[in-house]
Amino acid sequence: MESRTQRNNISLLGILEGVEVPRPTEFMAQLLQELLVLEEKPVLDRAHRNLHRGKRLLSSTRVKESRSADYTTAVAKKRASFGAVKRQLRAYPSVKFGLIYPAVLRLTLPDGSTHGFEDLALAADFINKNTKAGIALLYNKETSNSYDVHLKLTKEVLTIQKLDVVCTRGGDPQLNHRTVVLRRQAAGGLGLSIKGGAEHKVPVVISKMFKDQVAYQTGKLFVGDAMLQINGINVENCSHEEVVHLLRTAGEEVTITVRYLREVPSFLKLPLGSPVPSAGQSSRVSSPLFDSGLHLNGNSSNTAPSSPSKPSANEPKYEKRWLDAVSLPLLMARVSRYKAVTAKLRSNSFEVCALDGTSTNILQFCTAAESTDWLQAISTNISDLTLENMKMINRYCSPDDQIVHMGWVCENPQANDAGPSSTFKFLALRGPSLYVFRSPPVSGTDWGQAETLYTLYEVLLKVHKLCVTEDYWIQAKFYLGLQQDEDLQDGEPFCFSILVGHGQSHTFSVEMTSDLAVWEKSFQRAVFMEVQRVGSKTYMCSSQGKVLCLTIDFGSGFTCSESSSKNILWRYKFSQLKGSSDDGKTRVKLLFKNAENKQIEMKELEFANLTAVLHCISSFMAAKVASVDPVFVKCQSISGKYMS
Numbered sequence: 146m147e148s149r150t151q152r153n154n155i156s157l158l159g160i161l162e163g164v165e166v167p168r169p170t171e172f173m174a175q176l177l178q179e180l181l182v183l184e185e186k187p188v189l190d191r192a193h194r195n196l197h198r199g200k201r202l203l204s205s206t207r208v209k210e211s212r213s214a215d216y217t218t219a220v221a222k223k224r225a226s227f228g229a230v231k232r233q234l235r236a237y238p239s240v241k242f243g244l245i246y247p248a249v250l251r252l253t254l255p256d257g258s259t260h261g262f263e264d265l266a267l268a269a270d271f272i273n274k275n276t277k278a279g280i281a282l283l284y285n286k287e288t289s290n291s292y293d294v295h296l297k298l299t300k301e302v303l304t305i306q307k308l309d310v311v312c313t314r315g316g317d318p319q320l321n322h323r324t325v326v327l328r329r330q331a332a333g334g335l336g337l338s339i340k341g342g343a344e345h346k347v348p349v350v351i352s353k354m355f356k357d358q359v360a361y362q363t364g365k366l367f368v369g370d371a372m373l374q375i376n377g378i379n380v381e382n383c384s385h386e387e388v389v390h391l392l393r394t395a396g397e398e399v400t401i402t403v404r405y406l407r408e409v410p411s412f413l414k415l416p417l418g419s420p421v422p423s424a425g426q427s428s429r430v431s432s433p434l435f436d437s438g439l440h441l442n443g444n445s446s447n448t449a450p451s452s453p454s455k456p457s458a459n460e461p462k463y464e465k466r467w468l469d470a471v472s473l474p475l476l477m478a479r480v481s482r483y484k485a486v487t488a489k490l491r492s493n494s495f496e497v498c499a500l501d502g503t504s505t506n507i508l509q510f511c512t513a514a515e516s517t518d519w520l521q522a523i524s525t526n527i528s529d530l531t532l533e534n535m536k537m538i539n540r541y542c543s544p545d546d547q548i549v550h551m552g553w554v555c556e557n558p559q560a561n562d563a564g565p566s567s568t569f570k571f572l573a574l575r576g577p578s579l580y581v582f583r584s585p586p587v588s589g590t591d592w593g594q595a596e597t598l599y600t601l602y603e604v605l606l607k608v609h610k611l612c613v614t615e616d617y618w619i620q621a622k623f624y625l626g627l628q629q630d631e632d633l634q635d636g637e638p639f640c641f642s643i644l645v646g647h648g649q650s651h652t653f654s655v656e657m658t659s660d661l662a663v664w665e666k667s668f669q670r671a672v673f674m675e676v677q678r679v680g681s682k683t684y685m686c687s688s689q690g691k692v693l694c695l696t697i698d699f700g701s702g703f704t705c706s707e708s709s710s711k712n713i714l715w716r717y718k719f720s721q722l723k724g725s726s727d728d729g730k731t732r733v734k735l736l737f738k739n740a741e742n743k744q745i746e747m748k749e750l751e752f753a754n755l756t757a758v759l760h761c762i763s764s765f766m767a768a769k770v771a772s773v774d775p776v777f778v779k780c781q782s783i784s785g786k787y788m789s
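Quick note: the numbering used here has the sequence shown finishing at residue 789, numbered continuously throughout.
These are computed hints drawn from the structure, not numbers from a lab. A few of these clues could be false.
Simulated crosslink set (DSSO-like; lysine-lysine; CA at most 30 Å straight-line) [as the list claims (entries may be wrong)]:
#1 Lys300 x Lys286
#2 Lys723 x Lys734
#3 Lys536 x Lys297
#4 Lys570 x Lys723
#5 Lys223 x Lys277
#6 Lys186 x Lys241
#7 Lys356 x Lys465
#8 Lys734 x Lys711
For each label pair, taking beta carbons as the anchor points, the in silico distance ranges come out as [as the list claims (entries may be wrong)]:
#9 Gly648 x Arg466: 57 to 63 Å
#10 Val220 x Leu161: 33 to 39 Å
#11 Lys414 x Phe569: 30 to 36 Å
Quick caveat, the model's predicted, so the values are computed rather than measured. The C-beta atom is built at its ideal place from N, Cα and C for all residues, glycine as well.
Please model the entire structure based on the sequences and the hints provided.
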């Protein structure tokens with residue numbers, strides 16, 4: 146198959162003559178799909194046969210494939226420029242990529258979306274926005290130790306990797322231990338240093354190796370290897386000094402059995418990259434644990450000089466690699482900086498929990514700024530996935546049952562609440578209601594399992610201004626580099642309250658000011674949409690012993706009528722309401738300005754559900770103002786002031 150421009154040409158040798166008729170392009174497309182294991186048939190411009198120039202018959206049925214890159218120098222150079230980006234993408238198996246002619250990088254993300262880039266800078270920028278990687282400390286609650294992990298973040302998944310030693314050639318890859326024979330050198334000894342011991346409740350591990358000495362040159366030992374046996378003696382429960390003594394007195398040949406310690410406690414301060422300093426750079430003591438250098442010979446005065454042996458080509462080969470340990474889907478996941486059994490925020494650490502309950506445990510970072518950067522990146526991906534999920538659900542729902550916003554919050558206990566200190570809840574603003582769930586609704590039936598349900602225009606959202614101000618200053622200090630880790634040890638959360646009745650409310654906390662602003666704006670939007678949809682709401686009330694009805698109408702304002710005869714007693718516009726007062730129980734006084742004589746008229750009414758009525762009046766009036774002056778509502782946003 147060829148084209149006149151010699152572009153993307155592939156030649157297949159040894160195909161019997163005549164098998165391609167009557168449609169050569171269709172035949173070749175089918176054959177290429179089978180040979181190259183393609184999901185779909187390739188689209189071919191043309192296909193033709195070149196007869197063999199020799200005097201022999203094309204009788205072989207064996208197909209041979211030959212490929213050749215036929216590019217101009219400019220195209221070849223441009224394709225080569227994507228090399229660094231391709232290497233970066235290899236760390237993310239869920240992201241498929243490849244170069245298509247002439248030099249276009251095509252990406253397929255886990256959600257199935259495809260993206261093409263001819264410009265290297267645009268490709269790199271897109272990848273950096275959709276992927277993120279870095280080092281963190283993972284806190285193990287069972288051992289109370291922290292150890293290094295590698296984080297990989299894509300649009301849909303957060304992956305935690307742990308360092309391990311793997312067999313890449315020969316040997317049994319299933320074995321989790323290695324046995325190495327070291328022949329002591331006259332100058333340099335074993336060429337390694339160790340840390341740890343039973344007195345520190347950790348195994349003895351290799352903390353250093355020296356490039357010009359025997360331990361390193363075996364290719365089978367690594368910084369972070371835990372000692373299991375020395376010359377057949379089990380040392381897993383030995384003290385540091387006991388292991389040092391065994392190694393120094395083990396003789397000319399020392400047989401060591403090791404296993405890589407995937408969760409090396411951070412207090413051992415082992416280097417991730419396994420640096421190999423020269424022997425002269427080692428010190429006898431290293432804080433916080435004793436670092437014993439075994440590059441010096443102990444009782445080895447009779448040991449003859451020997452050069453370190455290098456591994457042969459037939460021996461097993463080992464490498465240190467980051468291996469996937471935990472993969473957390475980010476759809477409906479939650480991020481939390483809250484300390485256990487408190488309502489306080491951590492300054493430089495957080496935890497990610499997936500929908501199925503899988504947790505990262507506590508991820509710790511060197512600085513609060515780095516923690517905030519990761520927190521924002523993960524939260525953004527969770528929000529994007531939630532938004533996509535909302536759009537999919539809304540596609541199959543009626544206009545009056547749309548989801549405006551949903552997400553995780555932390556409910557803080559009231560002052561007189563003797564229950565748990567805090568619990569995570571999933572809130573959803575959908576149609577006429579505010580839903581409160583213990584866990585996110587996944588199926589249609591889950592929406593009927595809400596823990597609590599409130600009518601939107603009968604509750605109010607109140608942002609806690611002080612918390613927003615503190616958070617704004619905290620974020621500013623993060624980016625100015627002024628924030629010290631201890632400053633946030635007792636940091637307050639960023640809160641909003643849902644007022645549902647007289648003296649009754651829910652206080653919810655979120656992770657960042659941006660979350661606070663989104664909830665405030667979304668709540669306003671959901672209430673305004675619902676008010677405009679219902680148009681009016683009527684409540685039963687009484688005045689001077691008479692049973693009345695008060696109607697709050699989005700278009701006309703307030704109307705009071707007799708319950709039985711429906712005779713209208715009075716009517717006022719929203720703009721005529723000049724004030725109000727209530728006893729906090731059942732009675733309210735509404736002050737209206739008469740449009741004709743400009744006098745203030747008081748109307749006293751009594752309701753069984755006074756708080757719901759007052760909230761409804763507030764919601765209808767705010768929606769009315771927003772319909773004529775959207776800027777006014779924006780000016781009233783507390784959190785919005787700190788986000789602009």
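Structure-based check of each hint:
1. Lys300 x Lys286: holds (28 Å)
2. Lys723 x Lys734: holds (11 Å)
3. Lys536 x Lys297: holds (27 Å)
4. Lys570 x Lys723: Distance of about 38 Å is beyond 30 Å: violated.
5. Lys223 x Lys277: holds (25 Å)
6. Lys186 x Lys241: Holds, because 19 Å separates the two Cα atoms, which is no more than 30 Å.
7. Lys356 x Lys465: This hinted pair holds, its Cα atoms lying about 16 Å apart.
8. Lys734 x Lys711: holds (22 Å)
9. Gly648 x Arg466: 57 to 63 Å: Because 59 Å falls inside the window, the suggested range holds.
10. Val220 x Leu161: 33 to 39 Å: Cβ of Val220 to Cβ of Leu161: about 35 Å, so the range 33 to 39 Å holds.
11. Lys414 x Phe569: 30 to 36 Å: Since Lys414 and Phe569 have Cβ atoms about 35 Å apart, the given range 30 to 36 Å holds.
In terms of the numbered hints stated before, the structure departs from hint 4 and from no other.
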